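> Protein chains in written order, with the working numbering: chain A, 91 to 187; chain B, 6 to 118; chain C, 24 to 613; chain D, 133 to 446.
Be aware that a few hints might be false.
Computed from the model, here is a short list of chain C residues facing chain D with C-beta under 7 Å [stated by the list, open to error]:
{"#": "1", "residue": "LEU52"}
{"#": "2", "residue": "TRP98"}
{"#": "3", "residue": "LEU102"}
{"#": "4", "residue": "GLY103"}
{"#": "5", "residue": "ALA153"}
{"#": "6", "residue": "TYR222"}
{"#": "7", "residue": "LEU599"}
Simulated from the structure, these hints should not be mistaken for laboratory data. As the structure is a computational prediction, the values presented were derived from the model and not from experiment. Beta carbons: idealized from backbone N, C-alpha and C, even for Gly.
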Amino acid sequence: MSVARDIITVAGVSAGVFFFFAGTVGLLRFPDTLTRLHALSKADNLGLGFVVLGLLPQTGGLRDGLKLISIWMFVLLAGATVSQLIARTARQSGSGK
Amino acid sequence: MSAVTVFGLCAAAAVGLGLYGLIANPQPLRKIIAFNLLGSGVFLLFGIVGRRGAAAGFGNDPVPQALVITGVVVAFSATALAIALLLRLFQIAGSTTLNSRAAASPRSDPSGH
Amino acid sequence: MLPPAPALVTTAGGFLLVLSIVVPVAGVLLAFALGERYVRQVASTVVPVGLAIAVAVLVLLPRSDGHLVYLLGAWPPPLGVALRADGLSAVMLATTAVVICAVAIFAATDFRPQSVEARAPFAFWILLLAIWGALNTIFVAGDLFTLYVALELLTFAAVPLVSLDGRAETLRAALRYLLFALLGSVLYLMGTALLYGIYGTLDIELLSHRVSADSGVLIAAALMTTGLLAKTALFPLHLWLPPAHAGAPAAASAILSALVVKGSFFILVRLWFDVMPGLPGLAAAQLLAALGTGAIVFGSVVALRQERLKLLIAYSTLAQIGYLFLMFPLAFGASGKLESDQALAGGLLQAVSHATAKAAMFMAVGSIYTGLGHDRITGLRGVARALPLSVLAFAVGGIALMGVQPSGASLAKELLLQDTARTGQWWWAVVLQAGGMFTTAYVVLVLSHAFAPSDQPITLIGPAPLSRDLAALALALCSLFLGLLPWDSYLPVPYDATSKLFGIDALSKLLLPVLGGAALAILLSPWPHPLGSSAAWKALMRVVGPLRRGCLGFGSLIERGDEVLRQWSAAGISLLLVSLLLAASMFAAN
Amino acid sequence: MNIATVFEIALAAVVLGLAIWTIAVPDTYSATVGFIAYGLLVALIWVRLDAVDVALTEAAIGGGLGGVVLLGAAARLRDTEAMTTEGPSLIVRLSAAILSASIAAALAVTILLLPDPAPTLAPSVVANAGATGMTNPVTNVLMAFRGMDTMLEKVVLLLAIVGVWSLASDQAWGGRPGPRHQADPNGVLAFLARLLPPAGIVVGIYILWTGADHPGGAFQGGAVLASMWLLVIMAGLVDTPPVRSRWLRLILVGGPGLFLAVGLGGLCFGAAFLAYPVAFAKPLILSIEVAMLLTIATTLGLLLAGAPERSAER
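Please model the complete structure; the sequences and the hints are all you need to start from.
Shown next as structure tokens:
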């Protein structure tokens, strides 16, 4: 049973790390604000989602699991808003093109 | 190498960088940032000290932790006060230089008013 | 683990120490909550209560064996925090209370909240009470971290006072002050962390039993000392002091110059004399006194070259701070420990007499400024006739500072001179005498301008309330008669020191600095004197002309050096250098 | 060398790299951003040092709110970068670098030479925890054993407010701090500012409540509440309160005031100043913490808002 849990964890966290890595590469290599933002928000949403998913089997109980999921939800919310604001500012100031 | 050694060297380096930035960076805002860096190095020092004093089931001596929490809040207040002074200075004088000679030249009537 | 020392138990009357902190702090909270209209009332309620507490400590201390202890929350150190008071604390508590009282009377007319301009009074009175609370905490705290918090409290209260009038120059001065003070307190905190890491306590009493000449302790001591020097503005770490002290409103300058710099100085005394008397070693003490000598020379010479009276007094503060540090090498005994209580008493007396005299002088200058609308030294002719009480207060404060009998400064000088003879360090006796002459020089300079007759009567532009001058005068007289007080229950002042204050011997000791000071004033001050057209003056100039030109050249060189040292990066480098030199000399001593 | 050590070395390297970037990068705005990233990673170091309370504080106050203050200032001063004076000469920078490096080296040696076994107060904190009825050792130190420091530090926060307010012009005195934020009422920021605060307030209170026995406390909770308040202000949904407002003043002195009052109660009726009677220790400490939570949140928010700039009417 614990082996199965560990496998899920390793798989989930590895997937998350992959997304974070890809997002970071995108942030550094993409040419303009909007595409960088795209890379970043992917990394945040999916990367953290996979990490949380991977960690869920390791939690002690329902309470901790809910805390983890709510952290992900908060990050989703904040990430979506901030991306929106940055994108709007970038388009208005013309640096997004 | 233990965590204490690694982060201890890190703390010492942060202190050195903070001192250098505080002295050598001409802009006040950069000095304030450097002060924060310096402060975080000193707080880490407390963390190292506390980590070495792990005992009684705690991974870190709670007394230095409490001192750091107090210190962080004081450092934040200092930052906020310094920034407020800086922004007000900018608003009134239009520049933020701390160099008294450069700043005193436009108005140098002897009474100072 | 040591057996619990008797100092780890609350003594009777220890609650007074709590009250000495809590009363001003409660005043801060109350004044803030009640708002602009009631700040002055709150302050005028708190000030007498605080004064009464200080007096009560003075009365109780000799009866409880010279020590008051209070364990906060009844937790004994090292877990808890203790408040402790000894003779030094009691004297400083009383001095602070007296100065704050006088400043409060002085400021009552200045910072009266009107409907429109409520900002400055609101900030001033709250900050005044906060400074009081912070200083009292510094004087009675028995824990190095509590001292750190108190030190920060003091800085946070002092900085906004500098920029109270909101001009760009004072904002700049306040920002410089804040940043440099923060640098100092971070260095202090660094040392605190190391000491905790080595001994597991920050309690002064416990540390004093545990410290040994460990390399970490010496590094910590060097860092903490440097941090405190930066906050005390000892030369060459004084970049922030002249603009901050000269730019603040008069009442605030009085507090900043008289009391605030003494706070960090007091912690330094605690650190060297109480925590680690055996560690610093003579070389480090000589270094401190050498920096003090630098402060005396730079501060005095630059003071003599100032055009504005407030800047002159600010530079005089710089010189007087240097004077305080001369006691460190004199306190060393044969065993290489800081053990002479007499030198310590002399240094502390000097701090007390400077606190009272300097506050009086800043207040007097504040009155002169309000009366004339300026404080140019060359424009002071006839002011003695127009504002006799203000000039009298300035004169008495100046005379007390010069070390004329029976002032506190004269007693302090006597004590320190005795210790120079005892320890055979004659060179510090020279510095002590020279410091007295320099002080005389700038006081004589100002007074000779103020007493010079004016061709046309001076018209005063501002009101001159009597209460302000009386407050300044009372404080100045206080400083002048400090030497007559019975110190022996608080400070180890030998009886024969006080008795030597009068007689032929004393008169000769008085004449030397006065004549030397007058000569220095003539030689070093570049400003034309009102008597400059008299025949006697011209004759004198023919004799000393070349010498005076040389001295003026030396003066301008010193002034330029001071300007360089007050650049931010130069001061920062000096700070690091001082800390490394201190560490090196401490390592050499052990 | 195990995997944890590798991770720690990597973490330290990234943190140091960010520290160097913060000091060395020419553009002030980039330096600020670098410092924020640095602050967040330092919070991770605190977790590795097993000091979760500090990690929370560092992330919330040191990196988070401190970063916001610096970022705001950097944005407002961005245009002045060109006109700032040139830096100090090479000799000055070189000597500053050498001296700073020697101090850092001395410090590093001292850290490596700290005595073994290290002194610690952890056992006596545990032994005396029964007096407060709470099991979070850090909260016990802050609120009981070193209560005086904590109370004085609250006064420091209040003085910072007085200092910031004292910078107002005489005309603006009593008015509202900071600029009025105008945001699209149907925009995404306003949406977030309506959605997040209820959850954020719950989180803040939870951090305070759990601080009795687990990592957390008034500072960390207060920082969360302050950020919720700032979010609502920045979205333009509410305005900053005028500084002359009586309720605002009361909230700002509430925390230290209650602390002082309880302390004085101990002086008059109990064992000592700041001593809590064992039976009521936990409720007393919690009520002080609740008052402090409000005070801290308001103080932090107002420190970020700055000096009063506008009259209260508009």
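> Please go over all the hints and tell whether each is borne out by the structure.
The hints, checked one at a time:
no.: 1; hint: LEU52; verdict: holds, 4 Å
no.: 2; hint: TRP98; verdict: holds, 5 Å
no.: 3; hint: LEU102; verdict: holds, 5 Å
no.: 4; hint: GLY103; verdict: holds, 5 Å
no.: 5; hint: ALA153; verdict: holds, 5 Å
no.: 6; hint: TYR222; verdict: holds, 6 Å
no.: 7; hint: LEU599; verdict: holds, 4 Å
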